[in-house]
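Chains as they are written, first to last, in our numbering: chain A, 18 to 135; chain B, 156 to 266.
These aren't lab readings, by the way, just hints derived from the structure by calculation.
Be a bit skeptical, because a hint or two may be false.
[Stated by the list, open to error] In silico DSBU-like links for lysine-lysine, alpha-carbon gap of 35 Å or less:
hint, chain 1, residue 1, chain 2, residue 2
1, B, 262, B, 199
2, A, 93, B, 199
3, B, 223, A, 82
4, A, 76, A, 93
5, A, 70, B, 210
6, A, 70, A, 93
7, B, 199, A, 75
8, B, 210, B, 199
9, A, 76, B, 262
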Amino acid sequence: EVQLVESGGGLVQPGGSLRLSCAASGFTFSSYWMNWARQAPGMGLEWVASIHKDGSQKKYMDSVKGRFTISRDNAKNSLYLQMNSLRAEDTAVYYCARDSGFYVAGYWGQGTLVTVSS
Amino acid sequence: QSALTQPRSVSGSPGQSVTISCTGTSSDVGAYNYVSWYQQHPGKAPKLMIYDVSKRPSGVPDRFSGSKSGNTASLTISGLQAEDEADYYCCSFAGDHALGVFGTGTKVTVL
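Extracted from the complex, chain A is given alone in its bound form (with noise of 0.2 Å):
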């Protein structure tokens, strides 16, 4: 069985850091792309970012390149995502999902909640 398990969010200050994780199991993890999304409290979804298979290409939305950093570790079958310069529009529940080629995400994790504020 698929399961991504996200772990890592929590309340932080802006300007602050945090990092997420993924735990990934019951498939070949070096097999797939993986992203973030995030939806803000009410809103619609993004994707945040995403990663190749073998970690030689990165994507990024604009809102985010220089501060978000998708990094991943086949050998422990878990993905990252390094938030830093935190901001109050950061805040949302952050997704992993298993990425089968153009976006078609088959499997997602349940989310976790960062909350950027003072």
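We have chain A already, so just place chain B on it with the hints.
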């Protein structure tokens, strides 16, 4: 990349059909046959309902169907059921060097 445009809400009675539109540009929806649709119930993670414009993943009822014409994709729910009440988001591939783009989301209400 701007979000794809969806109606804020659509509604229908049980057994009826509803169609949700998803309008993009010639750089996303119009350029590729890689439009997917996600269903999201409150407090839950999104669920893939349609991919590659019109393909259904295993387990998704055939009441859900997708299509595309030009820069606009559509999701049709036939034989509406109470459990179909949810938010629906379209998503399109937008090229190798860009992230995919979601639609603005549509709330489906079963009257």
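Consistency of the hints with the structure:
1. Of the supplied pair hints, the one linking residue 262 of chain B and residue 199 of chain B holds, its CA atoms being roughly 14 Å apart against a limit of 35 Å.
2. The hinted pair formed by residue 93 of chain A and residue 199 of chain B meets the criterion: a straight-line CA distance of about 26 Å does not exceed 35 Å.
3. Pair hint residue 223 of chain B plus residue 82 of chain A holds up; C-alpha atoms about 32 Å apart against a cutoff of 35 Å.
4. Note on residue 76 of chain A and residue 93 of chain A: the hinted pairing holds, with a Cα-Cα distance of about 22 Å set against a maximum of 35 Å.
5. This hinted pair checks out: residue 70 of chain A and residue 210 of chain B have alpha carbons roughly 24 Å apart, not beyond 35 Å.
6. About 13 Å separates the Cα atoms of residue 70 of chain A and residue 93 of chain A, which keeps this hinted pair within 35 Å; it holds.
7. Only pairs whose Cα atoms come within 35 Å are accepted, and residue 199 of chain B paired with residue 75 of chain A is accepted, the gap being roughly 27 Å.
8. Simply put, residue 210 of chain B and residue 199 of chain B have alpha-carbon atoms about 23 Å apart, close enough for the 35 Å limit, and the pair holds.
9. Restraint check: the Cα-Cα separation between residue 76 of chain A and residue 262 of chain B comes to about 29 Å, which is no more than 35 Å; the hinted pair holds.
Every hint, counting from the list given before, is met by this structure.
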